[in-house]
Amino acid sequence: MGGLQKKKYESGSATNYISRNKARKKLSLSLADFRRLCILKGIYPHEPKHKKKVNKGSTAPRTFYLLKDIRFLLHEPIVGKFREYKIFVRKLRTAYGKAEWGAVGRLKREQAFVQIGPHHQGEFTCFESSGFSSRSFILWGCHVMNERLKPENLSDKRYPTFIDALRDVDDALSMCFLFSTFARTGKCHVQTIQLCRRLSVEWMNYIIASRSLRKVFLSIKGMYYQAEVLGQTVTWIVPYQFAHDHPTDVDYRVMATFTELYTTLLGFVNFRLYQTLNLVYPPKLDGQGELSLKSECEEDYALESESYSEKLSALSASLARTVPSVEEEEAELDHFPAEGEDLEKMEAREKIELEQNKQKKLFEGLKFFLNREVPRESLAFVIRCLGGQVSWDKSLCIGSTYDETDETITHHIVDRPSIEKQYINRYYIQPQWVYDCVNAKMLLPVEEYFLGVTLPPHLSPFVEESEGDYVPPEKLKLMALQRGEKPLFTEAAAEEEEEEEEGDEDEEEEEDEDDEDEDDQSEEEDEAEDEENLAEMEAKRAQGKRLPVKVTPGKVKPENRMRTEQEEKAEEKRLAIMMMKKREKYLYDKIMFGKKRNVREANKLAAKRKAHDDASKADKKKKKKKC
Amino acid sequence: MAAAWRHKRVAASQPGFLPLKSNLGGDSSNVKRRKRVNKNKKKSWNKFSDIQDVEEFLEDVRLQERTTGGLIAEKTDDSLFFVDTGDKDEKDKDAQPETTVKKGKHSKPLRIDLILQPDSHIPAPKNVLAFQQPNAKKQRRTSDRAAKLASMGILPRREKLLQLRRAAAASGVSAKKRAVANNNPDRTFYDLWTAETAPETADPYYLEQTKKKLVKRPDRLNEKPSVLPAIEVIAPGGSYNPDFFSHQDLLRKAHEVEVKKIKAEEKLARQLAVNEDVATEETTFKEQVEGLIEEEEIEPEEPEGDTEGTVTGPTATQEKKTEKQRKKEKAKRIKELQRKAERQVIDKRQQLFQLRSISADLKKQEQRTKMRQAQRKAQQEAQKSMPRRLGKLKFQDPDLDVQLSNELAGSLRSLKPEGSILKDRFLSLQKRNIIEPRDRAKFKRKYKLKFSEKRAFREIQ
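Chains A and B, in that order, are what the protein sequence lines are.
Okay, so the first sequence: first residue is 1 according to my numbering, each after it adds one.
Okay, so the second sequence: first residue is 1001 according to my numbering, each after it adds one.
These are computed hints drawn from the structure, not numbers from a lab.
With a cut-off of at most 25 Å between alpha-carbon atoms, the simulated DSS-like pairs for lysine-lysine come out as follows:
no.: 1; chain 1: B; residue 1: Lys1394; chain 2: A; residue 2: Lys51
no.: 2; chain 1: B; residue 1: Lys1253; chain 2: A; residue 2: Lys610
no.: 3; chain 1: B; residue 1: Lys1444; chain 2: A; residue 2: Lys187
no.: 4; chain 1: A; residue 1: Lys360; chain 2: A; residue 2: Lys441
no.: 5; chain 1: B; residue 1: Lys1213; chain 2: A; residue 2: Lys68
no.: 6; chain 1: A; residue 1: Lys22; chain 2: A; residue 2: Lys81
no.: 7; chain 1: B; residue 1: Lys1212; chain 2: A; residue 2: Lys26
no.: 8; chain 1: A; residue 1: Lys25; chain 2: A; residue 2: Lys86
no.: 9; chain 1: B; residue 1: Lys1213; chain 2: A; residue 2: Lys26
no.: 10; chain 1: A; residue 1: Lys475; chain 2: A; residue 2: Lys361
no.: 11; chain 1: A; residue 1: Lys68; chain 2: B; residue 2: Lys1392
no.: 12; chain 1: B; residue 1: Lys1370; chain 2: A; residue 2: Lys581
no.: 13; chain 1: A; residue 1: Lys215; chain 2: B; residue 2: Lys1423
no.: 14; chain 1: A; residue 1: Lys86; chain 2: B; residue 2: Lys1213
no.: 15; chain 1: B; residue 1: Lys1392; chain 2: A; residue 2: Lys51
no.: 16; chain 1: A; residue 1: Lys49; chain 2: B; residue 2: Lys1384
no.: 17; chain 1: A; residue 1: Lys86; chain 2: B; residue 2: Lys1212
no.: 18; chain 1: B; residue 1: Lys1211; chain 2: A; residue 2: Lys22
no.: 19; chain 1: B; residue 1: Lys1394; chain 2: A; residue 2: Lys53
no.: 20; chain 1: B; residue 1: Lys1377; chain 2: A; residue 2: Lys49
no.: 21; chain 1: B; residue 1: Lys1224; chain 2: A; residue 2: Lys51
no.: 22; chain 1: A; residue 1: Lys590; chain 2: B; residue 2: Lys1364
no.: 23; chain 1: B; residue 1: Lys1377; chain 2: A; residue 2: Lys52
no.: 24; chain 1: B; residue 1: Lys1384; chain 2: A; residue 2: Lys68
no.: 25; chain 1: B; residue 1: Lys1392; chain 2: A; residue 2: Lys56
no.: 26; chain 1: A; residue 1: Lys52; chain 2: A; residue 2: Lys68
no.: 27; chain 1: A; residue 1: Lys585; chain 2: B; residue 2: Lys1370
no.: 28; chain 1: A; residue 1: Lys596; chain 2: B; residue 2: Lys1253
no.: 29; chain 1: A; residue 1: Lys68; chain 2: A; residue 2: Lys25
no.: 30; chain 1: A; residue 1: Lys68; chain 2: B; residue 2: Lys1211
The following block holds chain B by itself, in its conformation from the complex (with noise of 0.2 Å):
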């Protein structure tokens, strides 16, 4: 104990120490006996030397910190001691009223708050991180350059486009005009064909090369697929209040192509029906009785004595040509040459007298040729009002509308009206070439479904 004793002494001995608790000093009378222990060791140092006194110290330190902001030792006279005249009742009540008439009940702080209060005179720690900045070093060095860009007179992009628009606010055009869609109800229009377009100031050999120049349109694109109206004005049996027998004549046309359809139905039905036969009474017997019967075998040499007989293939054993033969041969073969040459010729003088004929067989095939050419063309032009095949599927036309005499309406409010325009529209820019005809695409599924039985369902049965 002897350290703690000598410390004790020293904490004792510092001049001008005042401890704030009195019992400092006094417990230097209890003194243990000292107990031997080896030292050379760090851990005894620690745990066999006494430090409390040490501690106690400082620990009283702290206190006259905490309480009066200071070390006594080191206040003034003044701030620890006064002089009592005796007239601080006055004072006080001098100080009071006003007080209490400016602070209301409320101003009363409650009592918890006051215990919450820190009752330290040493201030709180600051915590630092919270007055840190982060990436302060690069927020100062971005600034730092850009005070220097602008002692330079470079403005950042986003002050040149501020001031950009200004400018153009304050000279009436608006800088960025925004793009209104096509389908705006509030668009507007203005004179399309004679707008003066702007004439092209860039060079054209620039525009080209850069590709910014427009192909021009071909006019090839400007004509129509078909030479169909636009419009095709229903038959005037499709009025309202048709004329009978217009009306008459419209339902005999949907009636014809109800028929035709009707019977390219059938057709299709017939030739697709299977031949099976029904048993009847004859062929079931049949059946019970075959092999029962012997029948007559067919022959089947007689097939083949006929292809024998048809058969008249060149025989296959010809006997070779005499000399004398082939030299007649020839002879003939001269003989029939020149005869034709001999006839030709004939021919060709006897032309002469044919003239008439010939002129008149020559106008007629030009006739012919003729109306063969207008037939063409005719074929041609009613080909053009023809809708294409343009696609997987062929345009059909669609059926009639039609309104049955009893199902005619009086009088325009009781109308009901037939088929469907948007259809009829679709259906029209089909007909004219315009669209390819298409379906609607059909649901497929990725998938096959997968049918299980519930557990539950399989119990019950």
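Next comes chain A alone, as it looks inside the complex (with noise of 0.2 Å):
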């Protein structure tokens, strides 16, 4: 037996990994440092398939990371200035133990115009610690680093194209909403969340500018907002207002690393989408006169410094055009010759660009006044992004273009049970009708969103049916509106007995549709129809047998053609069943009754319904028998 005998673990996975500890002695760096070079430069940790080979024989669960990622980190000039920075520290350190101020004034000075050589310039990210006081660095000992992102790493290494960055925005939106609200504590630099806010509202205003906000859904968690930028759907969701508490198991330190990288990111796609649009950047109000009226009151309200980024933030006026805005013409999809089902899908495509376009001027034309009890910004965001015209009290925020004594107002937004001043020209509304309106894509009656009344569930539009799912019932009727049949409700204080006539035409049309989707799918009921028409037949035959034969005139009997091409659709499903193979026709039952079933739950759901609805109107009866 010739050749050498093969060593253990010194092939394969067992060299493709590299554990964190390893890792990190390789690239000589801290814990912490290694943490973030690994989030900056979107390094993952990996699972290997076989672990006992790669921990060599060990079963101990560990980090591990590719070796190749980490020999990749290891040519990264920023890993250098890691080290440097490490050793300033460390420097800094001394000199403050050693009460050397003249030393700490050089350093510090040193490290702030850290100059990038001119071969090196743009090559490699420069470190610098502007802000970096005598507190910080007691606060944050050697945490604090302001390292500089290098863009252009940003934009052809983790980001190839602006589509991806577009498509990893999801998670920079959330984050930045989410630091924009913290409190200006020690939790993070205060900087941080300036900027974040500044972020935040830049896209806030870029969406506005687009009308590009499809679905908003209201959780006990925060405000989840959908929006279609560019193609591409983008998720984020937005805290309520003053509802912080700062949880203990989360890691600041690298929550605030991905803030940094995030900001990064979203910065230059705001940008760029401004581009887009030809707004300019950073973004500027429009209609400098307007805003000159209004500073008297502005002086309360903010610093001079940051009374302009308040105004932007009160999302109430439109932004400033590089080019000036020209009445946009309605970009018409082109029409191909198609057949089948391209010109379904064509036909479909159609129908959503017009849906989308009418969504997007779904408040055109209405002013809305906002009390000052209902969250203000992101009704002011929802409105204008449908076209609407917003307002609110001026001591209530910066911003406010009109009073509520304004004639012209149509919606008064209200969250509380009564208002003594009502005027007569204007809806009393709750905030929930904006954001169902928005979801349902249609302006939606008012009546059930009046002031004190029930509100009707407010559903969420990320979800979708499939076939047989349950759909609760305020779905059904809103799909019902939006097909544009008739409204059911027509006056919100209904009679009980009007109530109760439109719970059975409710129910009504559950059943019809159940009825119509098990014509759809269940063949047992083909065959009770076969059975029917074949015992007609037979009639027909033993009327043929009755002897006082009468020709009588033929009626021309209306040939329905729907009936007709459904039996001859349902014949040909018949025939293609008995035609089926074995096995075929096993997996086909199994389908069948796995539709069924979800058909039987879903009505199983809305009895149940039915029963709740009620007896909670038996409730209500009793109560006003009792009242």
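Make the complex out of the two chains shown on their own, each in a separate frame, by following the hints.
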């Protein structure tokens, strides 16, 4: 037997991986720095397939990285910067310890002016420690490091194209919106909070300008928004105001590093998005004349330096464009001759396009006024996204455009049981109406959202029911409305009888729908139908046997084309089922069984719901009677 | 005293010396008797020589210098005397009113200042050290060198940088652009994706050798470690004003999770519980009568007998086979082999007729492998969305955020948000395998705490 004996763990997966500690030592970085580096460079730990082999026979759980990744990091000039910074901090700490203030000053100055040599310009990332006061030094120890992500790295490396970046912007947005709501305490840098606020406001302004908001969902956690930006659906979550408790089991340092990365990303994405709309970046408000008029109350509201950004964040005014805005032409889809499936697809697309256009202009011409107890920013954002005008009390926030006394206001959004002074020519509605309108893509009847009325449930727009699933009756109603059927509820304060009737109608509708579903799917009924047909034929035959034969002039039977078509289809289906192989038949039966079970369960839920509604109605009646 | 006397004589005999004090000469009258002392030692010279007259003379010289600014004898007559013409008063009168008008009450110096004014006519000696420059020599030398270099046209570094900066400022480009912090709220952005990066002018080989060339980021790194979406939208039951059934649905899910947890906990508790027997009446009684009652002895032989019966090992002594037996066995073996070979041939021939069933078998097998492949693929797909084991800790799904029916707020105003988005984000990162799940580091005491009683406390006890 020739050849050398192979040694264990010298090739294969054992050499493809490296444990975290070894990687850290190889890069000669501290663990915190290593983490930062991995986050910034997008290097993630990896679970090996054969852990025991990788771990040299031990089964202890460990964090592994791919060796290739770490080798890649080894070539990063940024690693050198990390080391330099470590040395700088050590020197600074020594100087502090020895109370050599001259040395402290010199070190800081040197570090602040770390100059990139002419041949390194743009090649190396640069650290610098502006704002690195003695206080922050004590607070943060050696962890504070304002490392500058080299933007080029971000572009060619992490996000080669703009669309790549846009796909990853969900995370960035959620993080920015979250950090922008933080209190300015010691949990993270105030500057970071300010930057996050700026970027999130910029994003909201872009969404308003592009009118790309699609869905909103108010959950118990926070507000989910979904927008369609350049063909990508972007979802993000915004926390409610004042809803913060700082959880202790979250690593703030890691989150801060992510925020650093994401703010950089979001900034560049914003810039590009503003460019696509010909908007000025950083955003400028349009129409300076209007602003100067309102300057009296602003002085009390914010400092001179902050008032502009506050005005921007009020979301009430539109942004300035680099090119004066021309009336947007309705870009129509190109029509190509198409057949079959393509045609259907195209029609569907056109329909969606039409719907979206409608949604974009949903609130156009409507004037809203927000009472002070409603979430101002969210509502202003949503209303402006759909083209409405919005204002609020002058004392509530900067940037209000008209007063409560304005006669042209159409909707007044209130979230309290009653309001004393009411204007006759406007609707007083609860905030949910606005959000439900966005999700329904239409103006819902306002009656159900009047002041003090129990609201209909706020349904999640993110659920897409498949066939046979349980659909809440509210959604059914909504769908009916969307289809253009007559709204069932015409008066908010309907009498009980009416309510009952409506309830019945609802049920009928549900049943109808169920029937339809079943027609489509169940073959049982088909068979039943066939049997019926047969019986009819037999009966005819029996009739034919009767002796007194009579010829009557034949009536022209109006041929129900739809009916015959359906029958034909059903027949085809039946035949196809008959022709099935055994295995396929088995599978088919299984599928059908599953579908039927779904339907059954949905029916059960619907029945339950009905029972629940009835019970609640009965309760109400009782209460009324008692009263 | 002869010396003193002689000295006095010498001093007095100085040509043109005028003593200020008149008694200088008069002292010579009281001459003491000469004392006889040995003068062969220096000590006695000092001790017994009288130098008073010299001292006095020098004192007089100093006094003259102090008061008049020099020896009177050397002064000219003009400076010592003047001709009294008698019109001194007029002169004073002319001078005085001017001064009185000019100088007010304040201009009169204080008496104490006058007293403190030095009245000596000799200027105080200069403090030499005050006028001395440290490193004067070195500085002189450096300045000399700088001058020399300047004459040759070489400027010092500082000067050069200053000139550069000035030139840059004049041309409108600031030479030093201070890097802006990453989290500066006013930082600027630009179009990153169309920004033209300056083409590399340097020699690629040079860059490579000097390790200045950046390594290309492998595409593998741009793949996301999980297929899960960044934002997982809460179930419809999590709406602030949910539909009844979806809310119930969510509650049921949360309930199931909770039940599972409790079951696991209970199981653990059951497994960990110490199996200690609680003393019952029976056991206590048994304990009390332990050893008092004679129990029947258990026969120990019984199991032995059992084992003997069960042992079925090869018998140790096997008789040797005879030649005949061996031959017989061999023939049997050969026959068996032949039979098998024949059977194989027949089977093979037979297989020709079994072709259909064989092909069916093959098909079946193929089908099975295909199915398994599909299954494995599906499993792998499912694995992709699962959180990986990336460290010591396993990722555990967080509790579902729910609000019970009575906690639900009727309106947006009275809504109490549930859960923390920050934690949610953090866990989402863990779930998507971007960071490994970690626990907060526990506080570890380096040294044990030491307890001691205070004296006062002990006294009370």
